[in-house]
Structures are given as structure tokens and as C-alpha cells.
Amino acid sequence: MPAPIIKVDAISKSFGTFKVLDGLSMQVMPGEKLALIGPSGSGKTTILRILMTLEKIDGGHIQVDGEQLYHMERNGQLLPADERHLARMRQKIGMVFQLFNLFPHKCVMDNVTLAPMLTKGVARAAAEKRAMELLDMVGLADKAKAMPAQLSGGQKQRVAIARALALSPKIMLFDEVTSALDPELVEEVLNVMRKLAAETDMTMLLVTHEMGFAHDFADRVLFFDRGRIVEEGKPDEIFRHPKQERTQSFLKKIIAAGHRV
Amino acid sequence: MSRLPRTTANDRKSYTQMTQWSGYLGLILQGALVTIELTLMGSVLALIMAFLAGMGRVSRFFVVRAIATAYIEFFRGTSIFVQLFWAYFVLPFAGLSLTPLQAGVLALGLNVGAYAAEVVRGAILSVGREQYEACTALNLGRWQGMRHVILPQALLVMLPTFGNNAIELLKATSVVSLISLADLTFQAQVVRSQTGSTLMPFLSVLIIYFALALIISWGVRTLERRMARGLDGVRI
Ligand SMILES: Nc1ncnc2c1ncn2[C@@H]1O[C@H](COP(=O)(O)OP(=O)(O)OP(=O)(O)O)[C@@H](O)[C@H]1O
Ligand SMILES: [Mg+2]
Numbered sequence: 001m002p003a004p005i006i007k008v009d010a011i012s013k014s015f016g017t018f019k020v021l022d023g024l025s026m027q028v029m030p031g032e033k034l035a036l037i038g039p040s041g042s043g044k045t046t047i048l049r050i051l052m053t054l055e056k057i058d059g060g061h062i063q064v065d066g067e068q069l070y071h072m073e074r075n076g077q078l079l080p081a082d083e084r085h086l087a088r089m090r091q092k093i094g095m096v097f098q099l100f101n102l103f104p105h106k107c108v109m110d111n112v113t114l115a116p117m118l119t120k121g122v123a124r125a126a127a128e129k130r131a132m133e134l135l136d137m138v139g140l141a142d143k144a145k146a147m148p149a150q151l152s153g154g155q156k157q158r159v160a161i162a163r164a165l166a167l168s169p170k171i172m173l174f175d176e177v178t179s180a181l182d183p184e185l186v187e188e189v190l191n192v193m194r195k196l197a198a199e200t201d202m203t204m205l206l207v208t209h210e211m212g213f214a215h216d217f218a219d220r221v222l223f224f225d226r227g228r229i230v231e232e233g234k235p236d237e238i239f240r241h242p243k244q245e246r247t248q249s250f251l252k253k254i255i256a257a258g259h260r261v
Numbered sequence: 001m002s003r004l005p006r007t008t009a010n011d012r013k014s015y016t017q018m019t020q021w022s023g024y025l026g027l028i029l030q031g032a033l034v035t036i037e038l039t040l041m042g043s044v045l046a047l048i049m050a051f052l053a054g055m056g057r058v059s060r061f062f063v064v065r066a067i068a069t070a071y072i073e074f075f076r077g078t079s080i081f082v083q084l085f086w087a088y089f090v091l092p093f094a095g096l097s098l099t100p101l102q103a104g105v106l107a108l109g110l111n112v113g114a115y116a117a118e119v120v121r122g123a124i125l126s127v128g129r130e131q132y133e134a135c136t137a138l139n140l141g142r143w144q145g146m147r148h149v150i151l152p153q154a155l156l157v158m159l160p161t162f163g164n165n166a167i168e169l170l171k172a173t174s175v176v177s178l179i180s181l182a183d184l185t186f187q188a189q190v191v192r193s194q195t196g197s198t199l200m201p202f203l204s205v206l207i208i209y210f211a212l213a214l215i216i217s218w219g220v221r222t223l224e225r226r227m228a229r230g231l232d233g234v235r236i
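Protein chains in written order, with this note's numbering: chain E, 1 to 261; chain D, 1 to 236.
No lab work stands behind these hints, which were simulated from the structure alone. Please read these numbers as outputs of a predicted model, since none were measured by experiment. Idealized CB from N, CA, C, for every residue including glycine. You may find that some hints are simply not true.
Stated by the list, open to error - Which residues of chain E face chain D? A few of them, derived with a C-beta cut under 8 Å, are:
1. M52
2. A87
3. Q91
4. L99
5. F103
6. A115
7. L118
8. A149
9. L167
Claimed, not checked - Computed Cβ-Cβ distance ranges for the label pairs, DEER-style:
10. D136(E) <-> F62(D): 47 to 55 Å
11. Q248(E) <-> E118(D): 37 to 45 Å
12. A87(E) <-> G77(D): 39 to 47 Å
13. G219(D) <-> K120(E): 33 to 41 Å
14. L86(E) <-> E118(D): 27 to 35 Å
15. D22(E) <-> V44(D): 49 to 57 Å
16. L78(E) <-> V58(D): 54 to 62 Å
17. A257(E) <-> V44(D): 55 to 63 Å
18. D142(E) <-> G128(D): 25 to 33 Å
19. V44(D) <-> A10(E): 54 to 62 Å
Put together the whole structure using the sequences plus the hints.
Below is the structure:
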């Protein structure tokens, strides 16, 4: 059995006096597609942001791809990670944000090629060739020269996905990537995600309120509540036969709100 | 019998007056050139100082922040007259003799640079947190993110205020007349004392300062339009 690619071990995180994550532990296998669901404020975004090093942890350990994320091993001792260590670890991880976070002053092509050229020293020609392949994959090859402001929300999000993929991360984090979109644009983004799941062996962590999509997409579903994983299992187990009362009431609310499961 | 037209004493007087006026106007235009030179060179120095100090203000190193803050507070808190006098009259005692032009550029650049540094700082901070986070997620280094993502967006925010700063600098150039640098204001006073006329020299400098300020406004606006292109969805 292969080793987990992500090992979260009893991490805690507070904002001020508010404890968002409380001794959270979880493991993710290489290539696994994971859906994180749960009520608002349960810490789903926070755990993704912590994995992307956008947020520090107060306690605990995280291992990514066999190495400590927030610590460096030096002479058998664990020291806090420095910027160089973090930069090396970030190469393994990519993230797509709810609000796309494209660079508004750069055209689609430059959005995608900037990081590979700067962080990996890829030559422009090679970076652009790869970018065209990725844009083609997300169905936006004809928008390479467009500025972000000229794109619809769904198109922006697909560019953001291509931009993250351009760095070839082993792990991709998706934080509610369709929840800022008009309903008719959701499907085009979900289709790209389906394609990614089918065609790559990337490990994917997905925070979503699209329960139907989570059901079809995920190998495993984690139900978060108040900074802890209350229940986890195969999509069918979680969505059809939730064991925990909190999971049941959450799903009931979601269905009442009109979401398909 | 036709009479030759005879030049009258009156005609002669107005003729010499006219050549004199054009000579005096030449003096004033020479002054205008000095003023333009000071404005351009001062602006370049101010721009450099603004970016150094403005970015220093948001540095993660305390010492850098402290130096930048000290520079900004000092040059905003003391008058440009005093700064110019120091540059011209006091620095020589420290073994550094500057020409009036150098002293003028130094004082103007450092003074206006201190104000513009706050503009740079504010503009950098105005770029949304999500842009910084996108940089981190794409593994850009701090400087790479600053250079390729944050500053280009911040520049657009800075530009209009930079235009004001440049006009302030243009107007402040007149202080150099106090160290006998023959700028626009200095020449206007020369012409006034030589001709006894007040209206002509002061009206011309009024118009010239105003025209220069208009050119700066127009230039900055053009630059702004150009840089904003594409950001609002307009085809480039
Ligand atoms: N920077 C911050 N400062 C203070 N509180 C924060 C910060 N970021 C998150 N929080 C709080 O932490 C809690 C968990 O936030 P998080 O964004 O992880 O929840 P979530 O599960 O993603 O919720 P949602 O479904 O609404 O996105 C929330 O109560 C939130 O208000
Ligand atoms: Mg969230």
C-alpha cells in the first residue's frame, strides 16, 4: 500500500480566541479525489489555505509528499520552515480560488505562463506551448489574448484552473470554485474538473456545496463541523446512509435549499 | 510731389521697445528651460526616492521600514527652503559642493519624493489581498510577485497622484531663484527690475507655469488611459 501524500496530524488553528480547527487529523492517498463538505464556518477553506501555506498553523504537523510542510528536519530536529523550504513545498501544491484571483493586468496567456517562467525558468516559447495545451484542455484556446475583464465567470475560473495546472502540481486544491458563478456557468467548470479527474492522477481536494458533483467526483467525502471531521466515507455512504446525526441534518438542510444529491 | 514717410520719434521708441521686449521674452524663455530641466530631473529623483521609500515602508524588515519612515517624516516635516539652503550652503562644509542646479534637483527630488513615497505605499496596500495570495499559490517569490503582479496594478492607482506631485514639484522649482539659479521666476524678476514693467514679466511666467502644468496633467492622463486599457474589458 502506498504512503499517504498528505498527512495532517492533530493541527489546530485559531483566529483570535476563535478555534477554527481543533486537533484535526486526516490522510489523503496519492491520486485520491476528496470532497470536503460541511456547514459554513466549519473550517473547510481554512484547511485548504493551510495546505497552500496561506495560513499558519498553531500546533500539529503536516506532511506533504513525504516531507514536513511547516517544519524542516535538521540534524534530527524539527525547526520551523523558512521561506525557501516553503517555496519548495509549494511546488507540489496548486490552488484554485472561489473568486478566481486572476491577474487583471495580464492577458490570459500571460496569466498562465507567468509562474512557470518565473519559478521554473521555463523559456517563453515552451511556456506558451504548454499554456496553449492547457487552454485547449479547458476549452479556451481562442481566448489566449483576451484580458480577464473580457471573460465570463466560468471562463475566468477555467483560466485559473489552467494557470494552476501550468506548474504541474501533484496536489490541487479547489475552494468552492463554482459558488461565485451564475448557475448556467457552473457546468462548464465542473466539466473541466471531471476531465481532470478522469485524465490525470493528480490528488484533488475539493471544497464544495455542489453535493451532486461531490457524489460523482469524489472517491471519499469528509464531513466537517466546527473544525473537526465528524464523518467520512464513500460518497454513497455519506450521502445515502449518513450515520451521524449532524451529517443527516446538514444534508437535509442542503436538500431543502434545493441542491441535488 | 510725394513725401517720403518719415519715421517719427514715437515710432522709433516703440520699435526699440519691441526689440527690447523680445529680448526680455528670450530671457524668460531661457528661465523656462531651466524650470523644465529642474522639473524633469527633480521628478526622476523624486520617482526613484518614492519607490525606494514607499516600498521600504512595506518591507518586512524593521530596519528598512525605520529608515524609510525617517526619510519621509524628515523631508515632509521640514520646509523645502531649508532643505535647499542645506543642500547649497551647508553641504559644502561637509566637503560636498553642488552647483545651484544640482542642489535644486536634490532638494526638490528628496522633498517631493517623500510625499510620493506615501502614494507608492498606499497604492501597494490598495492591491487586494487575493492578488498576494494568488502569487503565493503560484509560488512566486516576494519580489517576483511585487514586480510582476502588485506594482503594475499599484502603478495605475499611483499615477493620478503622481501627476499632482509633479505639478507641486514644478511650482516648487521657483525656490531655486533664492540660490540665484536663473529659472523662470528668477528671470521674471530680472526683467521686472530692468524694465520697470511688472505686468509683462509676471503675466508671461503665469502663462508659462500654467501651460507646463497643463502639459503634465495631459501627459499623466494619457499614460493613465493607456495603462488602464484592457483592465476594464476594453479590447486592447
Ligand atoms: N482571517 C480570518 N480572521 C478571522 N476569522 C477567520 C479568518 N478566516 C476565517 N475565519 C473564521 O474561521 C471560521 C472558519 O472559516 P472557513 O472559511 O474555514 O469556513 P468554511 O468551512 O470554508 O465556510 P464556508 O462554507 O462559509 O466557506 C469562520 O467562522 C470564519 O469566520
Ligand atoms: Mg469556505
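Against the structure, the hints:
Against a cut-off of 8 Å between C-beta atoms, the interface hint on M52(E) holds, since the closest Cβ of chain D lies about 5 Å away. The restraint placing A87(E) at the interface with chain D holds, with a minimum CB-CB distance near 6 Å, inside the 8 Å limit. Checking Q91(E) against chain D: minimum C-beta separation of about 6 Å stays under 8 Å; hint holds. For the restraint placing L99(E) at the interface with chain D, the shortest Cβ-Cβ distance is roughly 6 Å, inside the 8 Å limit, so the hint holds.
For F103(E), the interface hint holds, the least distance from its beta-carbon to any beta-carbon of chain D being 6 Å, beneath 8 Å. Annotation: interface hint on A115(E) holds; nearest CB of chain D at approximately 4 Å, less than 8 Å. Checking L118(E) against chain D by beta carbon gives a least distance of about 5 Å; that is within 8 Å, so the hint holds. This hint holds: A149(E) has a C-beta 4 Å from the nearest C-beta of chain D, less than the 8 Å allowed.
Annotation: L167(E) was flagged as interfacial toward chain D, and the flag holds, the nearest CB pair being 7 Å apart, inside 8 Å. The supplied range of 47 to 55 Å is met by D136(E) and F62(D), whose beta-carbon atoms lie about 48 Å from each other. Look at Q248(E) against E118(D): about 56 Å separates their beta carbons, and that is not inside 37 to 45 Å. Taking 39 to 47 Å as the suggested C-beta distance range, the pair A87(E) and G77(D) conforms, at roughly 40 Å.
The supplied range of 33 to 41 Å is met by G219(D) and K120(E), whose beta-carbon atoms lie about 39 Å from each other. With their beta carbons about 31 Å apart, L86(E) and E118(D) fall inside the hinted range of 27 to 35 Å. Between D22(E) and V44(D) the Cβ separation comes to about 56 Å, which falls inside the hinted range of 49 to 57 Å. A C-beta distance of roughly 31 Å is found between L78(E) and V58(D), which places it outside the suggested range of 54 to 62 Å.
Restraint check, A257(E) to V44(D): a C-beta distance of roughly 60 Å satisfies the suggested window 55 to 63 Å. The hint said 25 to 33 Å for the Cβ distance between D142(E) and G128(D), and at roughly 29 Å that hint holds. At roughly 56 Å, the beta-carbon separation of V44(D) and A10(E) lies within the given 54 to 62 Å, and the hint holds.
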